[in-house]
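Q: Sequence:
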Amino acid sequence: MIEISTFLSVFYHKNCKCCQGYLVKGESFFCLNCELNFGELSLVDGKSTEIEQLFWGKARVESAVAVFQFLKQENLQSIIHEFKYNGNVGLALKMGELIGYNYILPIKNIDAVSFVPMHPKKEKKRGYNQAQKLAEGFSGITGVKTMHILKRIKNTETQTEKGVFERFENMEDKFEVINLSEEIKHVLLIDDVITTGATLAACANKLIKKGVKVSLVCLAYRGLNS
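Quick note on numbering: this note's numbering labels position 1 of the sequence shown as 12, and the sequence is numbered without any gaps.
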């Protein structure tokens with residue numbers, strides 16, 4: 012007898028979020044072939060220094076790394092768009108797990124994982140904060156707890172058309188620290204894409220002023236010229 016799930020899959024198939032091929036039983040967001048070849052999504056190699064340079068003179072972070080290089084022609088762009096704008100929470104959690112699997116720096120001294128907060132109005136409109144789900148996925152793999160310790164107090168216009176200086180200026184005084192307990196000495200901040208680092212620097216500085224060490228990790232490094 013044919014299983015009902017097999018029967019339904021013929022008519023209600025799902026596609027791999029990476030290659031768009033059909034998924035088979037046991038596969039969720041990505042097909043097995045794409046799972047095995049995620050390294051082809053331009054894994055950032057040796058670019059931690061380049062990313063850290065974004066914060067020189069702007070925020071005294073302990074480290075700043077990304078898992079992938081963001082290239083418009085690659086499937087990573089459609090993956091990010093899917094969980095960021097189409098409400099695919101499960102995919103965001105999955106990519107957070109991927110960050111956890113690929114995070115190459117020691118986590119033993121990190122007390123908590125947090126994320127770049129969204130303005131409440133924007134989060135309500137989108138339905139959820141994708142950076143928070145990335146953090147929760149990361150926590151599921153590493154065991155480091157996710158904490159909501161930053162709040163966005165001012166909304167900002169889009170940063171897309173702004174230059175580097177304008178982006179940093181635009182992010183001043185947009186965040187505040189909340190729910191920070193004394194035992195939290197080192198926080199790992201997570202976001203989806205890093206371009207100039209303006210948003211992460213603004214968040215990091217709020218925590219640094221409270222005496223907290225801050226490390227940064229993003230799913231993808233874009234840069235202004237990507």
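Some clues are possibly wrong.
[To be verified] Under the rule of at most 27 Å between Cα atoms (straight-line distance), these lysine-lysine pairs were calculated in the DSSO-like manner:
| no. | residue 1 | residue 2 |
| --- | --- | --- |
| 1 | 156 | 224 |
| 2 | 133 | 185 |
| 3 | 165 | 136 |
| 4 | 83 | 36 |
| 5 | 165 | 185 |
| 6 | 136 | 185 |
| 7 | 105 | 95 |
| 8 | 165 | 119 |
| 9 | 185 | 221 |
Don't read these hints as lab results, they were simulated from the structure.
Q: All hints, please: hold or fail.
A: Hints, one by one, checked against the model:
For a cut-off of 27 Å, the pair hint linking residue 156 to residue 224 stands: about 16 Å separates their Cα positions. Restraint check: the Cα-Cα separation between residue 133 and residue 185 comes to about 14 Å, which is no more than 27 Å; the hinted pair holds. Only pairs whose Cα atoms come within 27 Å are accepted, and residue 165 paired with residue 136 is accepted, the gap being roughly 16 Å. For the given pair, residue 83 sits about 30 Å from residue 36 by alpha-carbon distance, which is inconsistent with the 27 Å threshold.
With a CA separation close to 5 Å, the supplied pair residue 165 and residue 185 stays within the 27 Å bound. Proposed proximity of residue 136 and residue 185 is supported: the alpha carbons are some 19 Å apart, at most 27 Å. Our distance criterion of 27 Å between C-alpha atoms is met by residue 105 and residue 95, whose separation comes to about 13 Å. Restraint check for residue 165 and residue 119: the C-alpha separation of about 34 Å exceeds 27 Å, so the hint is violated.
Annotation: proposed proximity of residue 185 to residue 221 holds, straight-line Cα distance about 16 Å (limit 27 Å).
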